[in-house]
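A.B. asks: So the chains spell out like this:
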Amino acid sequence: MKVITGVVGNDIHVVANRLIELSLDARGFEVFNLGVNTYLEEFFDAAVETQADILLISSLNGEAEGWAREVKFLKSKYKTLDNLVMMIGGNLVVGTAAAKDIVPRYRNYGFDLVFHQVDLNTGLDTLEEYLKTRNI
Amino acid sequence: MSLLQEEREIILNNEFVDNFDFAEVEEFVRNADKELFISHHFAQKKKMLVQPRGGFPTYEKQFALNEFFVKANVDVLPLTIDSNTRLNDYATAKKMLRLSEETEKDMLNGYPLVNHGYRTTRKMITHFNKPVSLRHGTPDARLLIETAIASGIFEIEGGPITYLLPYSKNFPLDKAFLYWKYVEKVCANYSKLNLPINRESFGPLTATLVPPSITIVIQLLEMLLSLEEGVKSFSVSFSQTGSMNQDIVMGAVLRKMAKYYADEINCSDAAINLVYHQWMGAFPTNKDYAEQLINMSTVIASMVGADKIITKTREEASGIPTKEANAKTVANTQYTLGILNGLPKIVDQEEEEILSLEVKAIMEAVFNDPADTLWRKVFNSIKNGTIDVPFSPHIINHNEMITVRDANKNIRIIKRGNVPIPDKCFLYEKSKCDLSKDTTSIVNDIIHDIGIMQ
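Listed in order, the protein sequences are those of chains V and X. For the first sequence, numbering that gives the first Met the number 0 puts the final residue at 135, and the numbers step up evenly by one. For the second sequence, numbering that gives the first Met the number 0 puts the final residue at 453, and the numbers step up evenly by one.
Everything labelled a hint here was simulated from the structure, so no lab data went into it. A virtual CB, placed ideally from N, CA and C, is assigned to each residue, including glycine. Take these hints with a grain of salt, some might be off.
Unchecked claim - Cβ pair distances, simulated, as ranges:
(1) Ile451(X) / Asn60(V): 19 to 25 Å
(2) Leu2(X) / Val117(V): 55 to 61 Å
(3) Asn9(V) / Lys174(X): 16 to 22 Å
To be verified - So these bits of chain V aren't anywhere near chain X, every CB distance computed over 10 Å:
(4) Ile11
(5) Arg17
(6) Ala25
(7) Gly34
(8) Asn36
(9) Leu73
(10) Lys99
(11) Leu119
(12) Asn120
(13) Thr132
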């Protein structure tokens, strides 16, 4: 199964990004890591190019929210991405906010799975469960 | 007119530079007080020099910070440059400087040196009459260092590798090499007029589980690139690893190797200094613990025998430190250095031998690259993964090497990627670690290993 991952926007925090790649790899995914400082168009272009099943966006400085608002609009311009599993995780707001407020907001932005300050392995376990339910 | 001088005139003929007077600047450097040259203080070898970090947007605040540092008995003043200037965005820096001046709220994370200009900044530098170190993170620092030297700043930190691989995703590495070649040449030329301008490499790199062999190789290569352009005073550096023994071994090997490779290119007349950075990784949020960590770093720097120590503050975990906190670290560090007497001499021959073999093997692989010049050999070696920096965000970096901490918190290589770590050394490194774990638990270990000081 193919996963595109990377850190969205002008965020240069690279440590978790490398660990996500290692963990996905260990779980048997085929990983395309776009690294830090990646724009939404680059994520979607890569998803088309690789025919990826999953897009896993991460954020540390919280600027994800600014970008996430454009996800639905941008994704609708691509014809082949309807079945792409959309996942986002990390620190999803600038400042502080509770996960119960953040998760519904990000669902509205077009994400299937939302993890705000959740441990990496818990997030990836949840992803694997989710893939089973969708029979992917 | 030489090609270099033509390039200098283009660089300095810039809307943000107010009429750069080459002849006047040369006269200034020629007659500058020796106290301003850190190379002079290194040569005296009186004590380990203490240098904090710090930069504020306005002249007044920078001046006030320096006053605090001087009261705390600082040896070397820092001048940390804001992030817009680092990316050559002088227009934004100018706007933010004006906002900072008008609102008294800091809108920049450092001192916008180019916008202040050398005539203004020189007044501050000569007023305090202490050596100043330029701290930045700029891939294209040509205009910045011209302004710095004209201001009386005679130590320039950075280098094409150490200021690029930890800080940038896609600034072209080959361009960085050429821009830094200019920096070296300008430093070398000014060094002929008075005491040498000191160049310093930034050894901490990503400060995240970088193994000693990679740090040392990059220090040596930036040193060679600098010396071959005629620089006569150079500082190699590294930051606290998390294991006292590994720090001591690393310091010893780095010093020996620096001398060895400088001799190899007939530059034994150049002074090579060793700089130690207090812990550069994630800091504890508890400020009292942060002070304990800083104190321990100072002890280790003494064990390493560093010529200069660069300090952190108790406020590291919470953002840009206040001038009070910053000066407090300087005073504390000076106190600790003053009472540290009768240090034992520790030599770990086995570790030194393993590390030396690793460094030599990587250096040999770099030199064996078929390219015609050293910078191209180094460029190719980074591109093909002979040199691989853990946790670099740059697209050219291979990211194939994996490191973890062993039981004594030494950083060990458990996957070498394309880095030519000799088999004997690789087996030794792995023998220190528990390799029976699955990747998920190794990832958890790595997360823990990164945050050991928190």
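A.B. asks: State for each hint whether it applies.
C.D. replies: Do the hints match the structure? See the list:
no.	hint	in the structure
1	Ile451(X) / Asn60(V): 19 to 25 Å	23 Å, holds
2	Leu2(X) / Val117(V): 55 to 61 Å	56 Å, holds
3	Asn9(V) / Lys174(X): 16 to 22 Å	20 Å, holds
4	Ile11	5 Å, violated
5	Arg17	6 Å, violated
6	Ala25	3 Å, violated
7	Gly34	6 Å, violated
8	Asn36	4 Å, violated
9	Leu73	21 Å, holds
10	Lys99	25 Å, holds
11	Leu119	7 Å, violated
12	Asn120	6 Å, violated
13	Thr132	22 Å, holds
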